[in-house]
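Sequences are here, hints too, so could you generate the full structure?
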Amino acid sequence: MPAITVDGLVKNYGQLRAVDGISFSVEEGEVFSLLGPNGAGKTTTIEILEGLRQADGGKTTVLETDPWRHGYDLHKRVGVIPQGFKFLDYPTPKEAIRYYAALFEKKVDPDEMLRRVILEDAANIWFQNLSGGQKQKLGMALSLVNDPELIFLDEPTTGLDPQARRAVWEVIRKLKSEGRTVMLTTHYLEEAEELADRVAIMNHGKIVAMGTTDQIETKYGSGQKMMVKAGDDLLKFLKENTKLNAESGGNGVVVVHLRDKDDAMVALGAIEESGAQWGDLTVKKDSLEDVFLRLVGPEGKQAEGGD
Amino acid sequence: MSAELRVYARGNVRSRVGFFFTLVFPIILILLFGAIFSSGGVGQTKVYVQNLDGGPTGAIFLAELNSTSHNCSSTYASGLCLSLVPANQNFTLYLTSHSATDGIVIPAGFSQAYIGKLPLNISVYGDPASTTSAVVSGIARSFVNAFDSYGVNGVAKIGVASLTPVASYKYIDFLIPGLIGFSALTSPMFAMVNIVSTYRKDKVFKLLSLTPLTKTEWLLSKIIWYIGTTALSFLLMSAVGIYAFGAHIAFSWGILIFVLVGPFFFVSLGMLVGTVSNSPESAAVVGNLVTFPMMFLSGTFFPVSGMPDYLQTVAHVLPLYYMIDGLNNVMIYGNYGPALFDGALLLALAVVVFALAVRFFRWRED
Chain A
1 MPAITVDGLV KNYGQLRAVD GISFSVEEGE VFSLLGPNGA GKTTTIEILE GLRQADGGKT
61 TVLETDPWRH GYDLHKRVGV IPQGFKFLDY PTPKEAIRYY AALFEKKVDP DEMLRRVILE
121 DAANIWFQNL SGGQKQKLGM ALSLVNDPEL IFLDEPTTGL DPQARRAVWE VIRKLKSEGR
181 TVMLTTHYLE EAEELADRVA IMNHGKIVAM GTTDQIETKY GSGQKMMVKA GDDLLKFLKE
241 NTKLNAESGG NGVVVVHLRD KDDAMVALGA IEESGAQWGD LTVKKDSLED VFLRLVGPEG
301 KQAEGGD
Chain B
308 MSAELRVYAR GNVRSRVGFF FTLVFPIILI LLFGAIFSSG GVGQTKVYVQ NLDGGPTGAI
368 FLAELNSTSH NCSSTYASGL CLSLVPANQN FTLYLTSHSA TDGIVIPAGF SQAYIGKLPL
428 NISVYGDPAS TTSAVVSGIA RSFVNAFDSY GVNGVAKIGV ASLTPVASYK YIDFLIPGLI
488 GFSALTSPMF AMVNIVSTYR KDKVFKLLSL TPLTKTEWLL SKIIWYIGTT ALSFLLMSAV
548 GIYAFGAHIA FSWGILIFVL VGPFFFVSLG MLVGTVSNSP ESAAVVGNLV TFPMMFLSGT
608 FFPVSGMPDY LQTVAHVLPL YYMIDGLNNV MIYGNYGPAL FDGALLLALA VVVFALAVRF
668 FRWRED
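Chains as they are written, first to last, in the working numbering: chain A, 1 to 307; chain B, 308 to 673.
Hint data in this document are derived by calculation from the structure and do not stem from the laboratory. Glycine included, C-beta positions come from ideal geometry on N, C-alpha and C. One or more hints might be untrue.
To be verified - Some residues of chain A that are not near chain B, with every Cβ distance over 10 Å (derived):
id : residue
1  : Arg165
2  : Val253
3  : Leu281
Stated by the list, open to error - Below 16 Å or equal to it, Euclidean Cα-Cα: the simulated EDC-like pairs (lysine to aspartate or glutamate) are:
id : chain 1 : residue 1 : chain 2 : residue 2
4  : A       : Lys106    : A       : Asp147
5  : B       : Lys508    : A       : Asp89
6  : B       : Lys510    : A       : Asp89
7  : A       : Lys174    : A       : Glu149
8  : A       : Lys174    : A       : Asp147
9  : A       : Lys236    : A       : Glu273
10 : A       : Lys243    : A       : Glu273
11 : A       : Lys86     : B       : Asp509
12 : A       : Lys225    : A       : Asp262
As structure tokens, then:
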């Protein structure tokens, strides 16, 4: 049974359709990432799944319950870090964990919880004096207090420095290794590639691609490319003497799109045969970033903030 | 709920600003106003006079008495001033309702007794411990002696009854209930308006909605906290009032009504104001609009009875008035009937405002 099922989910804000009939499911123990630019509908989707917002259409189940109607029961089984996690100013992380544990009527060892999120050094610092990364880690610790089966992380590393981001990643990997299901929204492509088993790319309220990162790169990418630093004479030779799909990549780079291994062998032979000056030959395929940019447009990549 | 109460209490103690305004600020006010208005010996000594005699002699006596003093409306005058009490008023209650102690009553049958040379006493009211009462008593005695010897050829028939004790109310006695009301109003109102609007902006409510804590429990924990701070504030202010200014406070169970119901009402009201406001800025404006008129017009710093009639009308629609009036009734006069009315009215308002706050306040969004 999937941990999450979403079927034809719709959410409108006045005239704006924020989520436009999306469908997907998340299996137990899976790390599933919703990827998309600002305004794509990621946070709205995750908040509907958390039971914080009511959907206008479609059907959603989270751990086999309706998140809006049975949110009170569901919240005992899930952990959540909302986007831009903030907390009360004065509790220390240790006190905050005790407070949350009391609310959930759970017995936890605050020191152990802090060790799990690598925050033991800041155990007795007031929340308002913690760094951004430490605050996020506390958010993770709080989301784990009730020993959740499923954890929602809404842009957990936005605004963090690279070191803090990698520390948060480490915690997420631990959660996965413990067999917990993680639903992650992010607009950092690298984060999705590093952590997610499967990714859904959202744009304008719709899912435009879904699968493992390899599947998405293969399906939506333009295949493998050979890139050679060379002049126009090589490009002219390849076009006139071979059936290869070659083009200029700019900055004195010739790009050859490879359909199969034979294309690669033909290209190498032709380069040698052309007698042209060349160097820095590399072969690569489209990254998730290339695919993402192709699907959502270049403006999506640098998008910041919530949606 | 106890966890929520603990974390909020800890935050309040650590946030020195909240702690200052909850407990220290009212003490500063009591010291300040107490020092300014409890100095004594300066200004007018107001003496209330009631003439129950229908005959000419009482009128002459009153006119003579009047000629030796000045009009109380003369703001800058000091010394004795007379204020006439209508004959149909209960003299003691009249003194109480005007926060006064000193008075002289010309009894019924004064003229007949004087003309018939029958013995009769002028009644003098005052606080035996008060120097002004002693002065008033002395003036009345000498005045009667002079009147007696002039009118009946040295045969003293008119005398002065021994001083009828009237409980003495000082400014500080009214200031303490006023400032308890002030504390019960300002701390919860400002805190709740701020908390509700900023928690919503910072999504702290969203976070709390993901726990088993209910919004009713959350609100109740705040009410319990502010009942505690109001009780502590009451004890501190009473201690300062008694030891620094010799305030008279009648400690009784009736005080408990207002220490419980006042914070219940004002926490709920602060929550409602914060809930219906769109942003922290608008919440602050609405909060101030609600709080400041109550702060100054409900008898916090000065008795409402001393205000112009139209402001007294305004005061009667302000909930804080009923808290302070109730505390005055319990702590000063020992009038439990009116105090129960004040308490019941405030409780009814609190229940309505609490229900509205819970109804309109939402953890989640549609």
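Right, here's what the structure says about each hint:
{"no.": "1", "hint": "Arg165", "in the structure": "holds, 21 Å"}
{"no.": "2", "hint": "Val253", "in the structure": "holds, 47 Å"}
{"no.": "3", "hint": "Leu281", "in the structure": "holds, 51 Å"}
{"no.": "4", "hint": "A/Lys106 to A/Asp147", "in the structure": "holds, 9 Å"}
{"no.": "5", "hint": "B/Lys508 to A/Asp89", "in the structure": "holds, 14 Å"}
{"no.": "6", "hint": "B/Lys510 to A/Asp89", "in the structure": "holds, 13 Å"}
{"no.": "7", "hint": "A/Lys174 to A/Glu149", "in the structure": "holds, 14 Å"}
{"no.": "8", "hint": "A/Lys174 to A/Asp147", "in the structure": "holds, 13 Å"}
{"no.": "9", "hint": "A/Lys236 to A/Glu273", "in the structure": "holds, 13 Å"}
{"no.": "10", "hint": "A/Lys243 to A/Glu273", "in the structure": "holds, 15 Å"}
{"no.": "11", "hint": "A/Lys86 to B/Asp509", "in the structure": "holds, 6 Å"}
{"no.": "12", "hint": "A/Lys225 to A/Asp262", "in the structure": "holds, 13 Å"}
The structure fails none of the hints (numbered hints given earlier).
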